[in-house]
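S.K.: Spelled out, the chains give:
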Amino acid sequence: MRRDGFWFFFVLFEGLVLLLSMPYSQGQAFDLSGKPINPLTYSSGKPVILLFVRTDCPISNRYAPKIKQLSETYGAKATFWMIYPDKDESAASIGNHLQEYAYKIPALRDPTHVLVKRSQVQVTPEAAVFNAKGELIYHGRIDNWYDSIGRSRPVATSHELADGIEAALHGTPLASKTASPVGCYISDLQ
Amino acid sequence: MISRRTAVIGFMAGVLLASRSRAAQPQLPASSVQRVTFSADIAPILFRNCASCHHAGEAGPFPLVSYGDAKKHARQIAEVTRLRIMPPWLPEPGEAKFTDEQRLSTEQIASIGNWVEQGALEGNPADLPTLPKFVAGWQLGTPDLIISAKKPFRLPASGGDRYWNFVLPVPIDQTRWLKAIEIRPGNKRLVHHANILVDRAQSARHRHKDALAGFGGMDLGIESEFFDPDSHFLFWKPGTVPYVEPEGMSLRLDKGADLILNIHVQPSGKPELITPSVGLYFTNKPATLHPMLLQIENDAKLDIPPGEENFIVTDSLTLPVDVDVLAIYPHCHYLGKNIQGSATLPDGSTRSLIHIPRWDLNWQAVYRYQEPIFLPKGTTVTMRYTYDNSAGNVANPNHPPQRVTAGNRARDEMAHLWLQVLPRSVNMGDGDPRMALQEAVAKHKVEKDPLDFESHYNFAAMLQSRGKLEAALAQYEAALAIRPGDAVANNALGGALLAANRVDRAVNHLKAALQNRPDYFDAHYNLGSALAAEGDFAAAAEQFRSAVRLNPEDADAEANLGSALAQIGQLTEAIAHFEKALKLNPEHELARENLKQVRNMAH
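Chains as they are written, first to last, in the working numbering: chain A, 1 to 190; chain B, 1 to 603.
Any given hint might turn out to be false.
Part of the chain A face toward chain B, derived, beta carbon under 7 angstroms [claimed, not checked]:
id, residue
1, P65
2, R151
3, D163
4, S180
5, C184
6, Y185
These are calculated hints, taken from the structure and not from any lab test.
We put the CB at the ideal spot given by N, CA and C, even for glycine.
Working from the sequences, and respecting the hints, build out all of it.
M.R.: Below you can see the structure in the form of structure tokens.
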């Protein structure tokens with residue numbers, strides 16, 4: 001009986017491993033139910049803002065209040081998505097993370113970094129702004145709160161993401177299409 | 001009389017930064033072209049220097065105890081080590097060696113860089129060193145007494161750095177000796193550092209309404225009614241292993257003392273509750289060695305114009321006795337840039353005590369020397385701090401930069417260098433060498449800042465307690481020249497004049513004290529004594545009457561009131577007050593003797 005019990009457990013475990021190692025279809029991001037979604041064509045006519053984060057990056061976590069504030073300010077005019085580029089991060093742990101930080105923004109997993117490449121982002125947290133035509137008009141830091149990994153300002157003094165969203169909404173020109181972000185390298189996740 | 005001394009301590013305490021256990025020394029590649037693998041080359045570095053914080057439940061935001069952990073942060077590890085952001089260790093290597101130095105060698109940093117460049121390979125798992133064993137929970141075993149904060153601190157999701165003070169009453173009914181205090185800051189990932197001050201007179205409770213619920217503030221002033229030199233650094237930062245005081249240097253904790261735990265926290269992105277606790281480890285061995293904390297400081301010189309990139313503040317103190325320096329704690333706020341402490345010995349040679357070329361408040365710490373540094377009498381200890389109040393200093397709390405002066409808020413500055421020293425007593429006849437040190441500090445402060453009331457007052461109180469009455473009188477007078485009406489200084493000068501038998505002048509100053517503060521117990525008591533010395537017992541009785549009304553628990557005042565009444569023939573009432581004095585203190589000799597005498601007279 002003991003042996004049977006072990007075997008049963010082992011089989012279950014093996015099934016789980018198989019499920020996890022199922023190959024991803026190339027070039028797709030997924031929502032937390034596993035459904036492939038392209039956030040750039042999901043809703044048309046609005047600018048799209050992608051926010052790249054990971055659960056274990058303290059800088060991206062410290063940005064949660066700022067990200068939520070921006071999505072509340074612009075949520076009616078632009079579509080926001082949280083993007084998790086860590087292929088090892090499960091849908092369940094992402095769900096917990098969203099709840100823990102009280103995010104009300106839909107989340108996508110980007111295990112093959114299709115959105116990372118499309119958005120030309122390098123770290124978490126980093127933002128990408130696509131205008132209503134689907135053109136990437138800004139990618140980079142949210143603001144200049146962090147000067148380097150070890151040093152932050154008491155408060156940010158420039159607000160590049162907000163400027164980028166304004167530019168996407170009103171077609172105003174942007175001083176720069178990018179501003180160097182500070183955080184955890186996405187390339188470490190390959 | 002009571003001499004009040006105030007000491008503003010830039011919050012500190014003792015404990016250090018040992019990494020918990022040591023893995024084997026890293027095997028470094030002979031050259032950068034050699035193949036670098038995690039198992040053989042990188043794991044030894046990470047296990048030895050990073051894993052004590054970077055494992056589950058500790059301060060590091062992610063673990064670094066396996067190849068998978070390291071691979072997921074490889075480029076980040078290479079960058080933060082190259083910039084020496086991690087491991088956090090501020091002092092430059094120098095002749096003075098600190099315990100538990102968390103500093104990677106240039107070779108180790110290069111090795112990590114090469115590993116990442118070569119693709120962060122795992123290598124042969126058989127090469128892996130053993131991961132150090134990490135102890136969960138109390139590091140020194142179950143404490144003898146655990147004290148937790150009554151009310152958690154609510155840290156909001158966003159905003160700037162916060163500083164919070166928890167008042168922890170110590171439930172002991174007699175004096176105990178401590179060999180260690182372990183600080184558990186509540187949430188290691190949020191707390192950047194924590195300090196404990198021993199508040200023997202519960203002064204924080206007197207100063208802050210509802211102090212037991214905690215209060216904000218970066219630095220704390222502790223008021224002490226007596227010379228209280230028990231001096232230990234009680235400090236926590238991430239990676240700290242609790243410090244056990246050396247044999248003979250236990251810390252005294254009296255009944256009624258409060259521990260004040262100050263924490264520096266940064267919001268994490270979500271609201272958090274922080275409930276720290278401390279574990280006390282007792283010993284039955286009272287202290288036989290008495291270190292003290294020596295403060296070099298020059299807050300008075302802090303007046304930093306906006307935009308100034310290199311504002312220099314210095315201070316020097318010449319030691320009146322031989323000392324061994326055990327530990328050092330530099331303290332300033334967000335404008336601090338370059339921190340130097342050095343000693344010039346009597347033979348003219350100079351040695352560095354500490355040098356922090358890039359100050360970062362987030363990683364401030366107490367540093368203990370591997371070997372005590374001997375500084376002979378006549379050595380001059382010097383601090384030299386540089387401040388950057390320009391917009392180029394990203395940590396600058398003001399945008400745009402503003403004029404900054406001394407203070408205990410985050411947007412103020414400080415210029416403090418604390419040394420824990422163990423004075424050497426050359427001749428027993430010279431008395432407690434700590435008193436000589438304290439006098440030198442007070443004298444130096446007066447010289448630095450001759451218009452500062454408190455400096456003169458503290459120096460006077462110190463001189464008086466050292467028996468240097470004439471010099472004390474001059475300093476009290478200097479204090480009063482700055483604040484002529486001050487009740488505390490008038491009372492102290494009156495008391496000192498009385499001790500010097502200059503009763504007329506004493507009476508004038510004591511009356512001045514009472515004019516300013518009619519409900520001042522000490523001044524009524526001292527004036528009563530002065531009037532009694534002049535032979536005016538009726539007037540003396542009136543003063544002692546006021547004194548016992550203000551403080552019905554004071555046996556001395558009751559006894560003196562009884563004596564004054566007896567002198568003017570009011571024997572029945574005198575007996576009542578002697579009896580009251582004896583009720584308050586059955587050992588009161590004067591009350592007992594006088595009572596016997598008055599009873600004989602009454603019969």
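S.K.: Which of the listed hints are broken here?
M.R.: 3 and 4
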